[in-house]
Amino acid sequence: MGLVLSVGFYTCFLFFVAGYLVRMVTWAQQAPPRVLPGKTLTLPVFLNALVDILLLRRLLRANDVLWLGEWTFHASLLILFLRHLRYVLEPSPPFVYAMDIPARVAAWLLPASLIYIGAMKLVIEKKTYISSYNFMLLGLMMVSCVSGLVMKYSLPADMVDIKHFTMGLVTFHMGISPESITFLFHFIIFLVLLVSLPTHMFAAPLTMIEARQREDELPYLLHEK
Amino acid sequence: MSSPTCCMKNSDSFTKNLTPSQRIEIDACTQCGECLDCCPVQQVTKNPDISPPEKIRMFREFIMATDSLKAKILGAKEIDRKLLEDFTRAVFECTTCGACGQNCTVGINTQRLWPMLRKEMVRRGLGPLGPQKEMPEAIGKTGNPYGKPAEERYSPWFPEDIQVVEKAPVAYYAGCTGAYEAHPMVKGDVLVLHAIGEPFTMLPPEEEVCCGFPLFITGQHDMLEGLVKRLVEAYQARDVKTLVCSCPCCVNIMARDWPLYYGRELPFRIRHITQAVAGAFAAGRLKIERELRERIIYHDPCYLSRGVGIMEEPRDVLKNIPGIELLEFDHNRLESRCCGAGGAARKVYHENAVAMGRLTIDEAVRKKADKLILSCPACYAKVHEAMQDHKTKIPIVDIMELISGLLGKG
Chain Y
1 MGLVLSVGFY TCFLFFVAGY LVRMVTWAQQ APPRVLPGKT LTLPVFLNAL
51 VDILLLRRLL RANDVLWLGE WTFHASLLIL FLRHLRYVLE PSPPFVYAMD
101 IPARVAAWLL PASLIYIGAM KLVIEKKTYI SSYNFMLLGL MMVSCVSGLV
151 MKYSLPADMV DIKHFTMGLV TFHMGISPES ITFLFHFIIF LVLLVSLPTH
201 MFAAPLTMIE ARQREDELPY LLHEK
Chain W
1 MSSPTCCMKN SDSFTKNLTP SQRIEIDACT QCGECLDCCP VQQVTKNPDI
51 SPPEKIRMFR EFIMATDSLK AKILGAKEID RKLLEDFTRA VFECTTCGAC
101 GQNCTVGINT QRLWPMLRKE MVRRGLGPLG PQKEMPEAIG KTGNPYGKPA
151 EERYSPWFPE DIQVVEKAPV AYYAGCTGAY EAHPMVKGDV LVLHAIGEPF
201 TMLPPEEEVC CGFPLFITGQ HDMLEGLVKR LVEAYQARDV KTLVCSCPCC
251 VNIMARDWPL YYGRELPFRI RHITQAVAGA FAAGRLKIER ELRERIIYHD
301 PCYLSRGVGI MEEPRDVLKN IPGIELLEFD HNRLESRCCG AGGAARKVYH
351 ENAVAMGRLT IDEAVRKKAD KLILSCPACY AKVHEAMQDH KTKIPIVDIM
401 ELISGLLGKG
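Going down the list, the protein sequences come from chains Y and W. 1 is the number of the first residue of the first sequence in my numbering; add one for each residue after it. 1 is the number of the first residue of the second sequence in my numbering; add one for each residue after it.
What the hints contain is simulated information worked out from the structure, not anything from laboratory work. Take the hints with a grain of salt, since some may be wrong.
Incomplete in silico selection of chain W near chain Y, CB under 10 Å [what the hints assert, rightly or not]:
(1) Thr-19
(2) Glu-25
(3) Cys-38
(4) Arg-306
Ranges of calculated distance between the beta carbons of each label pair, as one might list FRET restraints [to be verified]:
(5) W:Asp-12 <-> Y:Val-192: 29 to 35 Å
(6) Y:Pro-44 <-> W:Gly-147: 47 to 53 Å
(7) W:Lys-133 <-> Y:Ser-132: 31 to 37 Å
(8) Y:Phe-81 <-> W:Ser-11: 33 to 39 Å
(9) W:Asp-362 <-> Y:Val-192: 36 to 42 Å
(10) Y:Pro-44 <-> W:Arg-333: 20 to 26 Å
(11) Y:Lys-225 <-> W:His-384: 54 to 60 Å
(12) W:Asp-330 <-> Y:Asp-100: 45 to 51 Å
(13) W:Asp-12 <-> Y:Leu-184: 42 to 48 Å
(14) Y:Ala-18 <-> W:Ser-11: 18 to 24 Å
(15) W:Asp-330 <-> Y:Pro-94: 48 to 54 Å
(16) Y:Pro-32 <-> W:Pro-199: 37 to 43 Å
On the chain Y side, residues computed to face chain W include the following (Cβ under 10 Å) [claimed, not checked]:
(17) Phe-46
(18) Ala-49
(19) Asp-158
(20) Asp-161
(21) Leu-194
(22) Thr-199
(23) Glu-210
Think of the CB as a built atom: it goes at the ideal place given N, C-alpha and C, for glycine as much as any other residue.
I would like the entire structure built from these sequences, with the hints used as guidance.
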């Protein structure tokens, strides 16, 4: 089983990295002959864009009720991601330890925010456009959350075994897989999520920076600076 | 259409017309669907299959089939022609107003993206649609997309008592839609410019050809360089330093794209007419004595507000009318709602455009406005058309038509 999981992990990770590399090459392909010359990104514009990204400010402007769920989701996911780094870093850096309490809270907030988002879109706002892909991701995330919570509070897995296995993956020393079924399930869902991650994960922040720059320049297109 | 489409396969790359930023934008869409709430086409069609995120999802699928890792390893996949045709219809039904981009949760610049996706479909021989196809030939023959004779460009509306000079630092470009479809508007422009008192020049009717916007917006870019160079050189020969125009679409392409097609910075600056007129009011060169005790409502054209950031000057101009009460649409300035005339979609999806125009009329009437003020010839023509056979009526007036009338020279 350890070998199967390891091969699965490397395959999924390879697809994830190679997929994005190809995507980035596509982004950077030679531009058509007529494009506006690139503009210099100033620090104030960048900082403003950073706030847009970290606070999902554009979503807040468009739909403040949905924003509450989305921001909670993204923040919780980030905290849990950082906390999970303890499985692949040895020794674990201090910020990973510092995430212990926030991660305990985020572990509950994450599924709650997913339910909130789903309910908002389907029941409350009754959106006419529903992305089936997004809902598939939402479902996968929910399953991942629940399996994580079960592993934490109901059917605990052996943490030493898990760390041994995950450290083996990152150091290319394939080891025995932990015996916990819940862990296996959680890990397989993670692999599925890894190859299904949405394209906006890396692209949206770049677009938000460009948008902030464009908005700052608009008043000067037909006016003197 | 002169693009070589004969040998193009449906598996050819879809990203050739896109800038790197636009390629990133295609990936950046989160499919959240928030933009549907502000899309004017959605308001009148209620069809999510032609919504902004669905168009991006479809185009992303095309890219995945031809440029993804899988396509690189296993070879590009031939895309079903029906899917391509459905996408083409969706992207051409859009008014390209950019409201979706303004409300985009990740800031995609859709007002610039949609025309490039249209260009890609034109390259593949799937677009443009209907009467849009006739525009290049009409422009080639007559200089305007309507195929009207050049000698009728100015003659039906140009005030007889006004003379333009041969050379001047200021030039006025009437634009095809104004000159052929919105006479009161361009007449008002000329009267107000004359009232300012500064001499201005104009190109002869056969030289004032299309600015290129109708071709740009329908993805037919082949003639653009020639048109732009011809116009820029003609104005340069008249020692022009400021080119004034009232059509938001013309102003948009002049400011944003002319430098690219000209190959360098323009030898003159571009200004919207409301900038020139607001400046003249501020400098005391224009003054309205007559009082107008009316409630008026101003509609921001998409390509003027979101397109080039002109939002306060039209209001400044209107505030110079004594007695006026200026009302606002619920969606104004950067958030303005398209009147239906945008993106040359009105030529193909007439019913959508009329329905959108009627939403604008109805809101103006609901707010108890005495007049609906426009500042775009396409809006002017389409909203007038939308009012025909509509239960709600309101006087529709162009901003310079109104000002020129109050100056007492109309």
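### Query
Among all the numbered hints in the text so far, which are the ones the structure does not match?
Hints 9, 11, 17, 19, 20 and 21 are the ones this structure does not satisfy, whereas the remaining hints hold.
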